[in-house]
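Undergrad: Each chain, written out:
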Amino acid sequence: MKFSEEQIHRYSRQMILPGVGGKGQRKLTEAKVFIMGAGGLGSPAALYLAAAGVGTIGLADSDRVEIHNLQRQILHRTCDIGLPKVESGKKTLESLNPEVKVQIYPERVTSANIREIIKDYDLVLDGSDNFPTRFLVNDACYFEKKTLISGAILRFEGQLSTFKPHANGPCYRCLFPEPPPPGHVPSCQEAGILGAVAGIIGLFQANEALKEILGIGKSMAGRFLACDALELSFHEFKIEKNPHCLLCGENPTITELIDYTQTCPGPVV
Amino acid sequence: MKIGLRLYGFDELVPILGGKELEIQFEGHTYGDLIHHLGEKYGDTVAKLLRQQVIRNSRQWIPGNELGFLLEDGDRLMFIPMMGGG
Numbered sequence: 001m002k003f004s005e006e007q008i009h010r011y012s013r014q015m016i017l018p019g020v021g022g023k024g025q026r027k028l029t030e031a032k033v034f035i036m037g038a039g040g041l042g043s044p045a046a047l048y049l050a051a052a053g054v055g056t057i058g059l060a061d062s063d064r065v066e067i068h069n070l071q072r073q074i075l076h077r078t079c080d081i082g083l084p085k086v087e088s089g090k091k092t093l094e095s096l097n098p099e100v101k102v103q104i105y106p107e108r109v110t111s112a113n114i115r116e117i118i119k120d121y122d123l124v125l126d127g128s129d130n131f132p133t134r135f136l137v138n139d140a141c142y143f144e145k146k147t148l149i150s151g152a153i154l155r156f157e158g159q160l161s162t163f164k165p166h167a168n169g170p171c172y173r174c175l176f177p178e179p180p181p182p183g184h185v186p187s188c189q190e191a192g193i194l195g196a197v198a199g200i201i202g203l204f205q206a207n208e209a210l211k212e213i214l215g216i217g218k219s220m221a222g223r224f225l226a227c228d229a230l231e232l233s234f235h236e237f238k239i240e241k242n243p244h245c246l247l248c249g250e251n252p253t254i255t256e257l258i259d260y261t262q263t264c265p266g267p268v269v
Numbered sequence: 001m002k003i004g005l006r007l008y009g010f011d012e013l014v015p016i017l018g019g020k021e022l023e024i025q026f027e028g029h030t031y032g033d034l035i036h037h038l039g040e041k042y043g044d045t046v047a048k049l050l051r052q053q054v055i056r057n058s059r060q061w062i063p064g065n066e067l068g069f070l071l072e073d074g075d076r077l078m079f080i081p082m083m084g085g086g
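Protein chains in written order, with our numbering: chain Z, 1 to 269; chain E, 1 to 86.
Fair warning: there could be bad hints in the mix.
[As the list claims (entries may be wrong)] In the SDA-like style, the derived pairs of lysine to any residue whose C-alpha atoms are separated by at most 20 Å in a straight line are:
{"no.": "1", "chain 1": "Z", "residue 1": "Lys23", "chain 2": "Z", "residue 2": "Ser12"}
{"no.": "2", "chain 1": "Z", "residue 1": "Lys241", "chain 2": "E", "residue 2": "Ile62"}
{"no.": "3", "chain 1": "E", "residue 1": "Lys48", "chain 2": "Z", "residue 2": "His184"}
{"no.": "4", "chain 1": "Z", "residue 1": "Lys241", "chain 2": "E", "residue 2": "Leu22"}
{"no.": "5", "chain 1": "E", "residue 1": "Lys20", "chain 2": "Z", "residue 2": "Ala229"}
{"no.": "6", "chain 1": "E", "residue 1": "Lys48", "chain 2": "E", "residue 2": "Asp73"}
{"no.": "7", "chain 1": "Z", "residue 1": "Lys23", "chain 2": "Z", "residue 2": "Ala229"}
{"no.": "8", "chain 1": "Z", "residue 1": "Lys32", "chain 2": "Z", "residue 2": "Leu203"}
{"no.": "9", "chain 1": "E", "residue 1": "Lys20", "chain 2": "Z", "residue 2": "Ser233"}
{"no.": "10", "chain 1": "Z", "residue 1": "Lys238", "chain 2": "E", "residue 2": "Gln60"}
{"no.": "11", "chain 1": "Z", "residue 1": "Lys241", "chain 2": "E", "residue 2": "Glu66"}
{"no.": "12", "chain 1": "Z", "residue 1": "Lys238", "chain 2": "E", "residue 2": "Glu66"}
{"no.": "13", "chain 1": "E", "residue 1": "Lys20", "chain 2": "Z", "residue 2": "Phe156"}
{"no.": "14", "chain 1": "Z", "residue 1": "Lys238", "chain 2": "E", "residue 2": "Lys48"}
{"no.": "15", "chain 1": "Z", "residue 1": "Lys241", "chain 2": "E", "residue 2": "Asn57"}
{"no.": "16", "chain 1": "E", "residue 1": "Lys41", "chain 2": "E", "residue 2": "Thr30"}
{"no.": "17", "chain 1": "Z", "residue 1": "Lys241", "chain 2": "E", "residue 2": "Trp61"}
{"no.": "18", "chain 1": "E", "residue 1": "Lys20", "chain 2": "Z", "residue 2": "Leu232"}
{"no.": "19", "chain 1": "Z", "residue 1": "Lys241", "chain 2": "E", "residue 2": "Lys41"}
{"no.": "20", "chain 1": "E", "residue 1": "Lys20", "chain 2": "Z", "residue 2": "Glu231"}
{"no.": "21", "chain 1": "E", "residue 1": "Lys20", "chain 2": "Z", "residue 2": "His235"}
{"no.": "22", "chain 1": "Z", "residue 1": "Lys238", "chain 2": "E", "residue 2": "Tyr8"}
{"no.": "23", "chain 1": "E", "residue 1": "Lys48", "chain 2": "Z", "residue 2": "Glu231"}
{"no.": "24", "chain 1": "Z", "residue 1": "Lys2", "chain 2": "Z", "residue 2": "Gly55"}
FYI, nobody ran anything at the bench for these hints, they're computed from the structure.
Chain E with its partners taken away, still in its complex shape (with noise of 0.2 Å):
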C-alpha cells in the first residue's frame, strides 16, 4: 500500500523522515501496519512520536489509540502532534 504522509509540527523527526512529507510503501492495511513500518525503518522513536493523531485526506481523524483503523492505498494522512503548551 502507497500513503502520502504530511507532518504537522514533529520538528525533531524533520531530519530523520527527510522532510515534511513523503510517501511511503508498505505492506499492511491498518494504521498500525503504518507504525509498525515506520519503526521498522526510522527507528522507535519515529515509530513512537508518530503514534499520535492522524488527520485522513484532509477529512477523517483517526485518535492515536486507533490502531486497527483501516487505511486505503493513496490515502493522505496528516499527524497532528499533541501539544500542551499555553
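One chain only, chain Z, in its complex shape (with noise of 0.2 Å):
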C-alpha cells in the first residue's frame, strides 16, 4: 500500500516517530479498534484514534445525547442532543478523518450478540459505564482471545490496564472476580465525575492501543494503574494471572458468557 501526499502529510509527525515510520502508519491503517461505549472513555480514546489513522473503528452505545454528557464526551456537540451516540460520534469522527471507517453498533451489546462483533476487531477498548456490560467484554475477549485495553473512572480517579489472559495475563475477573453488590458500589450518576479525568484515562487507553497495534512500549498488560487527579499521584502496581481465577484460573467455572442483571444501584450509605 502507498501513501498519497495528502497521507503523507496527515501522519507526518507521527511517520518520522522512531517505531512509527511508514511500516507503522501502514499497521495503524489495516488496524481494526472496537471501542465500547461513546462517552466520557469513548470519546476522547476513539478521537485519537481516528486522528492516528487506525483504519476501523467500531463504536458501540445503545444511548443518545443528552445534555448532561457534554461536560466530558466530547464526541458529541449541543447540536446532537437527542441522537444516537454512535451516529453523532461516527459524525465527528469522519470530519476528524474522512479516511476512517467507522462502524457503529446501536444496539445493546448482550451475550448474544458480543463474540460476533468483536470478532472480526484486533482490540477491544472498554469505556462502558456499568458493570454488567464490564463483565460480559472482559469474558467475550477472553473467548475470542482479545487485548482488552480497560479504562474506568469515577468522582476524581481513574483506573487503566491491559488484559491478555491469552498470552499469560490476568484478565479483568482476576482482579474483580465478581460485579459488586447493589449500593456497593457508586455510578458516576451519583457520584460524578470530572471531564478531564475522563479525558486522562481515554487518552491513555488510546495510548495503549496505539502501543499494541504498533508494537512498540512497554504493555500495560500485567500492570494496573491508579490514578488520583486531585493529588495528581499515579500507583502502578504489578498484577498476576489470580490461579483462582473463574474465568481463566485453573478450574473455571465461567464456561459462557453471562447477562449479569443491570441492577438501578442504591445509595452507598
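Combine both chains into one complex, guided by the hints.
TA: Structure follows, in C-alpha cells:
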C-alpha cells in the first residue's frame, strides 16, 4: 500500500517517530479497534485513534446524546442532543478523518451478539459505564482471545490496565471476580465525574491501543494504574493471573457469557 | 497485629476514618479478620465498602472475596475501589 501525498502530510508528525514510520502507519491503517461506549472514555479514545489513522473503529453504545453528557463526552456537540451516540460519534470521527471507517452498533450489546461483534477486531477498548457490560466485555474478549484495554473512572480518580489472558496475563476477573452487589459502588451519575479525568484515562487507553498496534513500548498487560487527579498521583501495581479466577483460572466455573442484571444502584450508605 | 491502611478513592469514608492513611491494630491474622474489626470499630458501612480489592505491600493483589488471605504484622494495604464509570 502506498500513501498519498495528503496522507503523508496528515501523519507526518507521527511517521517521523522511531517505531512508527511508513511501516507503523500501515499497521495503523490496517488496524481494527472496537470501542465499547461512546461516552467519557470512548470519546477521547476514539478521537485520537481516528486522528492517528486507525483504519477501522467500531463504536457501540445504545444511548442517545443528552445535555449532561457534554461536560465530558467530547465526541458530541450541543446540536447532537437526541441523536444516537454512535451516529453523533461517527459524524465527528469522519469529519476529523474521512479515511477512517467507522462501524456503529446502536443496539444493546449482550451475550447474544458480543462475540460476533468483536471477532473481526484486533483490539477492544472498554469505556462502558456499568458493571454488567464490563464483565460481559471481559468474558467475550477472553473467549475470543482479544486484547482488552480497560479504563474506568469515578469522581477524581481513574484506573487503567490491559488484559491479555491469551498471552498468560490476568483478565479483569482475576482482579474483580464478580460485579459488586447493588449499593456497594456508586456510579458517575450518583458520585460525579470531573470531565478532564475521563479525558486523561481515555487518552491513556488510546495510547495503549496505539502501542499495541505498533508493537512499541511497554504494554500495560500485567500492570494496573490507579490515578488520583486531585493529588495528581499515580500508583502502578504489578498484577498476575489469579489461579482461582472463575474465568481463566485453573478450575474455571464460567464457561459461557453471562448477562448480569443491570440493577439500579441503591444509595451508598 | 498492626497494619497500615491507605484508601484510594472512597471519599465518603475519609471523614469516618479520619483520613486517607491510618494505622490499625487488631486481633486476628486474615484479611477477613481485619474487615470484621473495621466493621466493629467504624460501622458496617465501612466494612461493606472496604470489602474490595487490596494491594498488599505495593505488589500483591488480594481480590475482595479472599477473606481468608493471611496478613503479616507491618503489612501496608492499599484499598482499591471497583470503578464502573465510563
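Undergrad: Which of the numbered hints are not met once you compare them with the structure shown?
TA: Violated hints: 4, 6, 7, 14, 19, 23; rest satisfied.
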